[in-house]
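Based on these hints, arrange chain E on the given structure of chain A.
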Amino acid sequence: MHHRSTDQDGNPPEAWLRGPDCPTGAASSLWDELRSGDTSAPWLIFHVGAVRTSFSRGEIAERALGWAAAFQAAVPAGVKRVGVLLPNSPEFVGAFFAAQALGAVAVPLPWPVVDGAPERLIEALRPVLQRAKLDVLATTPGCATIDWGAPTVTAPLAPLSVPNPALAAAFMQFTSGSTGDPRGAVISQRAALGSSRAMASALQLGPADVGVSWLPFFHDMGLVGVLLTSLVARFPVHVLRPGDFLMRPRKWLDLVSSERATLTVGPNFAWELLVRRVNPEGLDLSSLRCALNGSEPIHRTTLDGFIAKFAAAGFKPNAMLCVYGLAEATLGVAFSVPEAPRPDLEIEGRAVPANGGVLPGIELCVADADGQVKREGEEGELCVRGPTVMDHYFEHADATAATMRGDWLRTGDLGVVKNGTVYVTGREKELVIQSGRKFHPYDIERVVAGMVETTPNGVAAVSRPDAAQGSEGLVVVVELRRVSGAIDPMLIKGELLKVLGVRADVIEFVPAGTMPRTTSGKVKRKAVAAGLLAAPANKVAS
Amino acid sequence: MTDDILTQRIFKMMAQLSVVRVPDIKMEHRLREDLGLDSVCSMELLSMLAEELDLDVPMEEAAQVTTVAGTVEMARRHLALKQAAAAS
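So the protein lines, in turn, are chains A and E.
Start counting the first sequence at 63; every next residue gets the next number (the numbering used here).
Start counting the second sequence at 40; every next residue gets the next number (the numbering used here).
Any given hint could be a false lead.
[Said to hold, decoys possible] For each label pair, taking beta carbons as the anchor points, the in silico distance ranges come out as:
(1) E:Ala119 to A:Ala135: 44 to 50 angstroms
(2) A:Ala135 to E:Ala123: 47 to 53 angstroms
(3) A:Asp346 to E:Leu92: 25 to 31 angstroms
(4) A:Gly575 to E:Ala119: 55 to 61 angstroms
(5) A:Arg526 to E:Ala125: 45 to 51 angstroms
(6) A:Glu492 to E:Asp43: 46 to 52 angstroms
(7) A:Glu515 to E:Met66: 30 to 36 angstroms
(8) A:Pro405 to E:Ala123: 56 to 62 angstroms
(9) A:Lys584 to E:Ala119: 53 to 59 angstroms
(10) E:Ala126 to A:Ser348: 40 to 46 angstroms
(11) A:Ala374 to E:Met40: 29 to 35 angstroms
(12) A:Asp346 to E:Ser127: 31 to 37 angstroms
If you are wondering where the hints come from, they were derived from the structure by calculation, not from laboratory data.
We treat Cβ as the ideally placed atom computed from N, Cα and C, and that holds for glycine.
Only chain A is shown next, with the shape it has when bound in the complex (with noise of 0.2 angstroms):
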């Protein structure tokens, strides 16, 4: 990253933010915050129907050392890198710190919202296996009958003791779920620890506060936004499944009302459903602190329209917080606080929301495609430094070299700072976010051109927003050999929904000739994007 060599009068400043310190702590690695001070208090109370678990940070310890037994057992020759695919429940957290106990890194894999055959979740998670090299799974018997290629593990079995583990990585979090060419950002014990710390500060996080989540452990947000940061800050946490939040959507906020919960997090769409299905009869959200909205692009119309509605069971507008963060910075990067409401920007007409300061350890600037640092309101690439930000991709040397610029991450993210406030405006990265989920446009087109006859390089997955649904929709343009060529959309929406299990609003058919394209033959995505937003000319059918 470099700085304009000569500062003019009159001009803005250059977009560079430098947040405080990150926050340490006495424990250096999470197996050993896990087990300081009195472990005795309630952490996570896990909500299956209408009956509650309660577990204390000692009760979650003891299971982790009955899953390293296992472990051991089941590789004796030492385990270094553990798979954990969980639903929600004590075993996911006793299988994550059990890899804490050994030394071992964890790989949070993502369980499914609707069961499925085991054999279709191998399938999607094929290419995921294969890069993490896992040496032990520990899953559910149901699936323990696939060969996964490792042994798997899934029951504890007596506890035992370990040895303070090294002080290495703690977890390797996979950014997509089913992609040909996966990338596991390594998170070593300092930047989850401080990451977690971060959060914790910027939204004084203690003892005094009650989480409720349904967000899946699996995930960048519920791994370290509520697990670990309730960790550090040693609050008692609800937990959902996402499956119970999606059939029973007012029960994430009958929890909230019934615990006198202070924080919780959703993306988005999830704020979005609660705004279309549930009525705030009956519901009190006063206690409600920090409401965090992150991890896909936020509408200002959620906001507006939560805040609107749920002022009825006394929510304050203040606690709506607008958060930004990425896997690769293990998590946040910008937090918005209650105490400190930012402006909206207004970019071309468009209300895009605050995602406030940078958060304490982050160093974040804008810059073009060269390094050179933008100045406050001109729109750039986000790129974060400091002690949070991941290692590298493991074993994935070019992906690692395409992020990283020198200690820099490039987020992929554009964004503009102005008076020392973080807005997130697009896109660098061509991903797809839908209900919080990532999918990578190679891997949409790869699937498509699989089953049209399209010209070389043909296919064009971009995503467009949707307000409807407060997420983002997906279009997929097919450029035809011949014009007879088109076949039923509904058979590429069901393949891909069945392969990758994301969900194509539109699927377009254009001449050949008509795609935008690179001189050296490559599809321009933005191009694309931009061309549906204007007059959709040349379509064949949709």
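Structure of chain E alone, referenced to chain A:
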């Protein structure tokens, strides 16, 4: 509620969430491959259905439903359970 009315109500709801029109929905259709519903959308369908018919469907059970016929069958079973509970 007769089976026909129930089925039509469910089809209507499916048509709202998916791109398929009511006359084109078939009992043997799969929610994902044929109606184009992703996991979040299909859970929302079952959730809206349970809410509209005032049924108490456990999440585990809803997560097993993958077809149009399965959806109708789930609704039918829970309506019968509700009627039995009301009668006793």
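Cross-check of the supplied hints:
no., hint, in the structure
1, E:Ala119 to A:Ala135: 44 to 50 angstroms, "holds, 48 angstroms"
2, A:Ala135 to E:Ala123: 47 to 53 angstroms, "holds, 49 angstroms"
3, A:Asp346 to E:Leu92: 25 to 31 angstroms, "holds, 28 angstroms"
4, A:Gly575 to E:Ala119: 55 to 61 angstroms, "holds, 59 angstroms"
5, A:Arg526 to E:Ala125: 45 to 51 angstroms, "holds, 47 angstroms"
6, A:Glu492 to E:Asp43: 46 to 52 angstroms, "holds, 47 angstroms"
7, A:Glu515 to E:Met66: 30 to 36 angstroms, "holds, 33 angstroms"
8, A:Pro405 to E:Ala123: 56 to 62 angstroms, "holds, 57 angstroms"
9, A:Lys584 to E:Ala119: 53 to 59 angstroms, "holds, 57 angstroms"
10, E:Ala126 to A:Ser348: 40 to 46 angstroms, "holds, 41 angstroms"
11, A:Ala374 to E:Met40: 29 to 35 angstroms, "holds, 33 angstroms"
12, A:Asp346 to E:Ser127: 31 to 37 angstroms, "holds, 34 angstroms"
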